[in-house]
Amino acid sequence: MTPVLEVGGIETFYGQSQVLFGVSLRVRPGEVLTLLGRNGAGKTTTLKSIMGLVQPRSGHIRYRGREIAGLPPHKISRRGIGYVPEDRIIFPDLTVWENLDVARRPPRRSVSEGVRWTEERVFDLFPQLRPLALRLGGTLSGGEQQMLAIARTLMGNPEFLLLDEPSEGLAPLVVQMLLEQLRKLKQTGLTILLSEQNLEFATRLSDRACVIVNGQIRYDGSMQELVANETLRRAFLAV
Amino acid sequence: MIRFLAEYFGWLTDPSLVLMQLLSGIAGAMFLFLVASGLSLIFGVSRIVNFAHGSLYMFGAYFAYTWIRVLAGSPGQFWIMLILASLTVAVMGGVLEVIFVRRIYRADPIFQLLLTFAFVLVLSDIAKIFWGAEGKAVPKPGALAGSVKIFGAPFPTYLLLVVAAGLGVGLILWIVFYRTRWGRLVRAARHSRDMLAALGSDVPRLFTEVFMVGSGLAGLAGALVAPIVTAAPGMDASIIIEAFVVVVVGGLGSFLGAALASLLVAELKAFGTLVFPAISIVLAYLVMAVVLIFRPWGLFGRREE
Chain P
1 MTPVLEVGGI
11 ETFYGQSQVL
21 FGVSLRVRPG
31 EVLTLLGRNG
41 AGKTTTLKSI
51 MGLVQPRSGH
61 IRYRGREIAG
71 LPPHKISRRG
81 IGYVPEDRII
91 FPDLTVWENL
101 DVARRPPRRS
111 VSEGVRWTEE
121 RVFDLFPQLR
131 PLALRLGGTL
141 SGGEQQMLAI
151 ARTLMGNPEF
161 LLLDEPSEGL
171 APLVVQMLLE
181 QLRKLKQTGL
191 TILLSEQNLE
201 FATRLSDRAC
211 VIVNGQIRYD
221 GSMQELVANE
231 TLRRAFLAV
Chain A
1 MIRFLAEYFG
11 WLTDPSLVLM
21 QLLSGIAGAM
31 FLFLVASGLS
41 LIFGVSRIVN
51 FAHGSLYMFG
61 AYFAYTWIRV
71 LAGSPGQFWI
81 MLILASLTVA
91 VMGGVLEVIF
101 VRRIYRADPI
111 FQLLLTFAFV
121 LVLSDIAKIF
131 WGAEGKAVPK
141 PGALAGSVKI
151 FGAPFPTYLL
161 LVVAAGLGVG
171 LILWIVFYRT
181 RWGRLVRAAR
191 HSRDMLAALG
201 SDVPRLFTEV
211 FMVGSGLAGL
221 AGALVAPIVT
231 AAPGMDASII
241 IEAFVVVVVG
251 GLGSFLGAAL
261 ASLLVAELKA
271 FGTLVFPAIS
281 IVLAYLVMAV
291 VLIFRPWGLF
301 GRREE
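Note that the protein sequences, when read in sequence, are chains P and A.
Heads up: the first sequence begins at 1 in my numbering, then just goes up one per residue.
Heads up: the second sequence begins at 1 in my numbering, then just goes up one per residue.
None of these hints come from the bench; they were simulated from the model.
Please read these numbers as outputs of a predicted model, since none were measured by experiment.
A virtual CB, placed ideally from N, CA and C, is assigned to each residue, including glycine.
Treat the hints with caution; some may be incorrect.
Not everything, but these chain A residues come out facing chain P in the computed CB check (under 8 Å) [what the hints assert, rightly or not]:
| hint | residue |
| --- | --- |
| 1 | 185 |
| 2 | 192 |
| 3 | 196 |
| 4 | 199 |
| 5 | 201 |
With these hints in hand, go ahead and build the complete structure from the sequences.
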């Protein structure tokens, strides 16, 4: 199957220090691919490079067959890629509704009317947010902020989602809830590239995994195999 | 003691004088507010401290002169001039942003200061080339040239227009900022331009628009002030200093702060002149110093985390 997203050998630097050393990965339509790795391994940088928030110095990034490396983030977003950052970045002095509104984008033509995201549909997926619509973003709890961050990105009607460590810092019960909601999202046909440290969370959501170690992909294969193989897990994840 | 009071506060016994000072203070506050809110708007979004904002105000006054001459004789020329002068300065601000400012958003603040300071010098010379070194007088519109009696004392009608314009623009700004999608985008950009861009907003364009709106406000203030002070070199420096005082006292990025601090600074100047004419200018700086010591983020600004 042709991949929706194909990242080929990207090298990304912050100033003088190199973070990614030729990262390559392919995401197939409709799948959830998890990028696993420890803190500082390069997960966030990989997602930011795809989103155009940092520019890789070399390598290519193709989305639906077209090169997107070098485009500014808003153009990448308008191609259909949604991004939910690790630190959520809710606009604190905008209300929940306003946070959703600034992200509103008409769907691309390929999206049928039936799957178009609106506040109503977003609130159906995250019912916890509905009563908070007029609250300021800065007053929400961590779990609520995570849900709002995902909801907000959905308002742009993405076909592909970059999700950076959504479970980080959340209480187990909230993580459980989030998992269910993400599963529903997956069922809508959304393709997801998920970055995680939480193997348990990743296992329950995704089919395939890539493991990144010091800015290089060291494993690319099925999730099951990774979980089953203790040597692999120990070597790359220390879990 | 009595003699002291009589000497410095004798004017208090003249209610019409007090009222006049109060009103002219309010009118002065309007100019300050228009300039400071533009400065504050631009800073809030782009984090650029735009020294050239006073130059844009000066250009507003010069364009008022030029447009009034171009429009001479046409009905409603003064009102059309106000709009055209604001738009001309807005376009100027847009051009400066697109050609220069947008290249240095991520640069060290010192480079940003150097760039906008360079604008001050260059624009001041450009103004001299086009309009010469003498002041250019702009006539008041006929209907507003006189004065009205307020509690028996004459007060320039034109200043009433200034007050109305300031209040009107303040209201429009509030509506745009808090009740339109554009305003929501601007408020979001103040927090994180990267996040807003990742959500699909054309942030570079938004920045240009913000620069144009802020510049247009300075242009409007300059065009409004021109009939009172005449357009002349040096206007840029005097207003930018006061606008900075306003913005520091009110809190950078806060409209309400800019409004109230404008009023405070302008009234201090108006009444300071009656009490201690020699140091009336210093009073505003004293207030600023006190604010900087006890609330460095301004009366209405937000503390940076």
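Results for each hint:
{"no.": "1", "hint": "185", "verdict": "6 Å, holds"}
{"no.": "2", "hint": "192", "verdict": "5 Å, holds"}
{"no.": "3", "hint": "196", "verdict": "7 Å, holds"}
{"no.": "4", "hint": "199", "verdict": "4 Å, holds"}
{"no.": "5", "hint": "201", "verdict": "6 Å, holds"}
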